[in-house]
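Chains X, F and U, in that order, are what the protein sequence lines are.
Counting from 1, position 155 in the first sequence corresponds to residue 154 in numbering that gives the first Met the number 0; the numbering is continuous, with no gaps.
Counting from 1, position 314 in the second sequence corresponds to residue 313 in numbering that gives the first Met the number 0; the numbering is continuous, with no gaps.
Counting from 1, position 20 in the third sequence corresponds to residue 19 in numbering that gives the first Met the number 0; the numbering is continuous, with no gaps.
Just so you know, these hints were derived from the structure itself, not from any lab.
Don't be surprised by glycine CBs; every beta carbon is placed ideally from N, CA and C.
Not one of these hints is a red herring.
So the derived list for chain X, only partly shown, Cβ under 7 Å to chain U, looks like this:
{"#": "1", "residue": "Phe23"}
{"#": "2", "residue": "Tyr115"}
{"#": "3", "residue": "Trp122"}
{"#": "4", "residue": "Val125"}
{"#": "5", "residue": "Gly129"}
{"#": "6", "residue": "Ala134"}
{"#": "7", "residue": "Gly222"}
{"#": "8", "residue": "Ile225"}
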Amino acid sequence: MSPGAGTRQGWGFVAPALLWTAAFFAAPFALMVWLSLSRLEGRAVVPGPGLDNYVRFFTEPSLLRGLVVSLEITAVVTVVSVALAYPLAAIIAFRVPKRWQRAVLVLAILPFWTSYVVRSYAWLLVLGQGGVVNAALMGLGITDAPLQLSATRLATVTGFVHFFVMLLTLTIYANLVQLSPNYARAAADLGAGRVATFVHVILPLTLPGVVTGAFLTFVLCMGDYITPQILGGNTELTLPQLIMMQLGRRGDFPMASAMAVILMAVVSLAYLACARWLRVERT
Amino acid sequence: MTLRSRAVMASTALAGLALAAPAAAQSLNALVWCDHADPELIRPFEEAHGVRVNLREYEGTAAGLAILDQSRPGDWDVLVIDAVDVGRAVDLGLLAPLPADALPTGDFFPDLVMEDLNTRDGQVFAVTEKFGYNTVSFNRAAVDADAMADMNSLFSGDFTGRIAIYDYYLPVLGMLALNEGIATADLDAEALERLRGPLMALRAEARLVGEVVASQTALATGEVDIVVGGGEWLTAVLAEENPDLDWTIPEQGALLWAQSIAVLADSANPDLALEFVKYIVSPEGQARLATSSCYWGMPANAAAAGHLSDEERAILRWDQQPEFLARAQRYPVPDADLDAAMQDLWIDMLQQ
Amino acid sequence: MTRAWRWLGWVYLALAFGFILLPVGVLVTFSFQDGRLPVPPFRGPSLRWYAEVLADRRLMAGLGNSLMVAGVSATVALGLGFLAAVGLARHQLPGAAVLRLVLIAPLTVSYLIIALGLLSLYNRAGVGLSLWTAGVGHVVINLPLCFAILYAAMGPHLRAAERAARDLGAGEAAVLWHVTAPMLAPALLAAWFLAFTFSWDEFIIAFLLTRFDVTLPVEIWALLRSGISPRANAIGSLVFLVSVVVVVAVQLIALRKARA
Numbered sequence: 000m001s002p003g004a005g006t007r008q009g010w011g012f013v014a015p016a017l018l019w020t021a022a023f024f025a026a027p028f029a030l031m032v033w034l035s036l037s038r039l040e041g042r043a044v045v046p047g048p049g050l051d052n053y054v055r056f057f058t059e060p061s062l063l064r065g066l067v068v069s070l071e072i073t074a075v076v077t078v079v080s081v082a083l084a085y086p087l088a089a090i091i092a093f094r095v096p097k098r099w100q101r102a103v104l105v106l107a108i109l110p111f112w113t114s115y116v117v118r119s120y121a122w123l124l125v126l127g128q129g130g131v132v133n134a135a136l137m138g139l140g141i142t143d144a145p146l147q148l149s150a151t152r153l154a155t156v157t158g159f160v161h162f163f164v165m166l167l168t169l170t171i172y173a174n175l176v177q178l179s180p181n182y183a184r185a186a187a188d189l190g191a192g193r194v195a196t197f198v199h200v201i202l203p204l205t206l207p208g209v210v211t212g213a214f215l216t217f218v219l220c221m222g223d224y225i226t227p228q229i230l231g232g233n234t235e236l237t238l239p240q241l242i243m244m245q246l247g248r249r250g251d252f253p254m255a256s257a258m259a260v261i262l263m264a265v266v267s268l269a270y271l272a273c274a275r276w277l278r279v280e281r282t
Numbered sequence: 000m001t002l003r004s005r006a007v008m009a010s011t012a013l014a015g016l017a018l019a020a021p022a023a024a025q026s027l028n029a030l031v032w033c034d035h036a037d038p039e040l041i042r043p044f045e046e047a048h049g050v051r052v053n054l055r056e057y058e059g060t061a062a063g064l065a066i067l068d069q070s071r072p073g074d075w076d077v078l079v080i081d082a083v084d085v086g087r088a089v090d091l092g093l094l095a096p097l098p099a100d101a102l103p104t105g106d107f108f109p110d111l112v113m114e115d116l117n118t119r120d121g122q123v124f125a126v127t128e129k130f131g132y133n134t135v136s137f138n139r140a141a142v143d144a145d146a147m148a149d150m151n152s153l154f155s156g157d158f159t160g161r162i163a164i165y166d167y168y169l170p171v172l173g174m175l176a177l178n179e180g181i182a183t184a185d186l187d188a189e190a191l192e193r194l195r196g197p198l199m200a201l202r203a204e205a206r207l208v209g210e211v212v213a214s215q216t217a218l219a220t221g222e223v224d225i226v227v228g229g230g231e232w233l234t235a236v237l238a239e240e241n242p243d244l245d246w247t248i249p250e251q252g253a254l255l256w257a258q259s260i261a262v263l264a265d266s267a268n269p270d271l272a273l274e275f276v277k278y279i280v281s282p283e284g285q286a287r288l289a290t291s292s293c294y295w296g297m298p299a300n301a302a303a304a305g306h307l308s309d310e311e312r313a314i315l316r317w318d319q320q321p322e323f324l325a326r327a328q329r330y331p332v333p334d335a336d337l338d339a340a341m342q343d344l345w346i347d348m349l350q351q
Numbered sequence: 000m001t002r003a004w005r006w007l008g009w010v011y012l013a014l015a016f017g018f019i020l021l022p023v024g025v026l027v028t029f030s031f032q033d034g035r036l037p038v039p040p041f042r043g044p045s046l047r048w049y050a051e052v053l054a055d056r057r058l059m060a061g062l063g064n065s066l067m068v069a070g071v072s073a074t075v076a077l078g079l080g081f082l083a084a085v086g087l088a089r090h091q092l093p094g095a096a097v098l099r100l101v102l103i104a105p106l107t108v109s110y111l112i113i114a115l116g117l118l119s120l121y122n123r124a125g126v127g128l129s130l131w132t133a134g135v136g137h138v139v140i141n142l143p144l145c146f147a148i149l150y151a152a153m154g155p156h157l158r159a160a161e162r163a164a165r166d167l168g169a170g171e172a173a174v175l176w177h178v179t180a181p182m183l184a185p186a187l188l189a190a191w192f193l194a195f196t197f198s199w200d201e202f203i204i205a206f207l208l209t210r211f212d213v214t215l216p217v218e219i220w221a222l223l224r225s226g227i228s229p230r231a232n233a234i235g236s237l238v239f240l241v242s243v244v245v246v247v248a249v250q251l252i253a254l255r256k257a258r259a
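Chain X on its own, in the form it takes in the complex:
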């Protein structure tokens, strides 16, 4: 096949996906940016360009707080989830006999198969005053009265961590099993103990995969609406909740769009940081 025909064919194959992405991802996003620069007056959208919405976001404390709350929660969730998932993935990869690894892994991500909405609701029941956790604590004599667990930030974080531990266990496990055992063997040959091998060999090798997983956690957590809505008890509102409020209660597309663009910007910053770090790591 001639090079020209080959390239034409290549474009032909790629075109459908590109067109789809352009029409249903890029165009809506551009529209959203345009809307964010517009204003809502009464029921009509008045085109900008104007930074009114952005100014309003950064000057109204209750709106800006939404971003802060989202960042705080996401940071905690990411750190805790990685800290809990890594050992779990490592145990499954290195301790569990090969025959059982797949089954154990499936068991570890089993709750993925319940609906996300229902799973968050289930946590509400578990953490409620009459729920299982409080019943257990009081039954064991650790507490006298039920603790306030649900409708708090703790509940939101717990719901998130539950989901992301499963996700990260999967990704970190995939990473760990790809590691050639030769690295560990070489380290042992050179006289390194178990701990030293882990800290100086395995951990650094898996770090890129962990960072990628952490980034995914960051994106998904920042943008999630359901878990804080069900478990947070409206004690504080995250950015997605505020966006939905602008949309649902006010029909204020421009403001909602501006907040969405801000959310996007924050995630992009995180992406750039991760990408820069990964590139540095590789050199």
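Based on the hints, put chains F and U in the right spot on chain X.
Chains F and U only, in chain X's frame:
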């Protein structure tokens, strides 16, 4: 092909057509509150008219108007809306006039006909279908009923962390206004600022702010013992499970909520929509609506009494209604600016 | 020391599993609650909530809709992703790196933003909301996934086999159908399955972009907002049990194939 097999094919095709026919039947699209989603309410109408009723639930007038904004003409046939907001919908040209003689408003509780809200220039645009109170719900086993007779006891510190606030800004701000001695009809921007202090104070005493189910769950599981903004609509549906869940109207008064039902001006099925409205305000429809699964409430049509059992009427406090109606005030009706200000105040409270 | 570490490892595993499986256990247990409140004390067991759920027309319709949207959107995403992966893997296109980035970009964007963008677009274009409009959104989130998986799976073995087939006189379509697709079968299956799962459980796009015919997560959300009851437990458990059965079945089939 034999004659037999041809006959089989033909009859199968006919059967297929017959089965497909209902799928092409008329459908009615209704934008409603969650109490209309009860199959017990909808099925009799669907069966009687051979149609399918599609329901989309929403909470809060602002959300409903936002949905209508984002829809095309003909998308919706029927709308359930706060009675106090019918005027806004009429101003926006959303509602179709209804024939007054088709509606049994003569049998209604007189206070609930609400002509000033449901009609404009002599034309009827909506009809009240259900009402109740936004007041204080509480667990009698955990809270002293006498304390609940005074709204100020909520701020006393006796109930810190045991209160839930119903997540709807209009009635809760209205209740706080009553506590400050401001009539809901007099609520303006200046009066609203006076409510900021009490609202934040109430929030400090509250454990959570929740919508219908979150508040119900919290009260039912003992998470909280008091719901501000709750009423029979919150507790009646749980009465069977926990008879201790009660409600009362404090001496400062309470808010009267009333919902109306209307036909949309650009409906594609105006006749069917009117039939649906007539069904809802008929005594049988009213009785089913009053006891629907999402929340209970008093039917606007007093003739529904004949279709409700004694216990149901007792739970709804049917006989005490005249006294309650005398002590309750209607929802505030803010203009667009005041509405935005109220919502902003509400978000401030949530983010505190 | 080693034994202590080993023991600690198993304890950690047990605790982790306890944490992970706790909500599911509670969910399933209280779906059998004989009472209106799905909280302790447990009364029952009773099947009335399952009966209610199966008789609930809206829930069952939501279930059917979810299956349909997930199936169709996964297939479309797979098709588009497959073609794009083939195009980029086989040929040296100018700006290939940028193209890859553009195709993968939606992965880093929150679903809420994608939903909001599409909603704005539909509003402006006067397009009514439906399962189709939601399905379009699901293809947007699944396309990058399918593309990434398939692109990564296209190795030198594949290219060699394709070249061999072409040398033997096969046309492009024949090469794709008889060589590329079968060799990529595991990746194709994995991508489709993953896309199906993401669409099946997706909430915010389905919530914002549908009107009456909704998917199951949206229907469950409406259920949760309209009255506390163990019905939510029942439907959650049903979805869970059906999914488990499917996953186990797939595993068993895969195992049998591997052994054969």
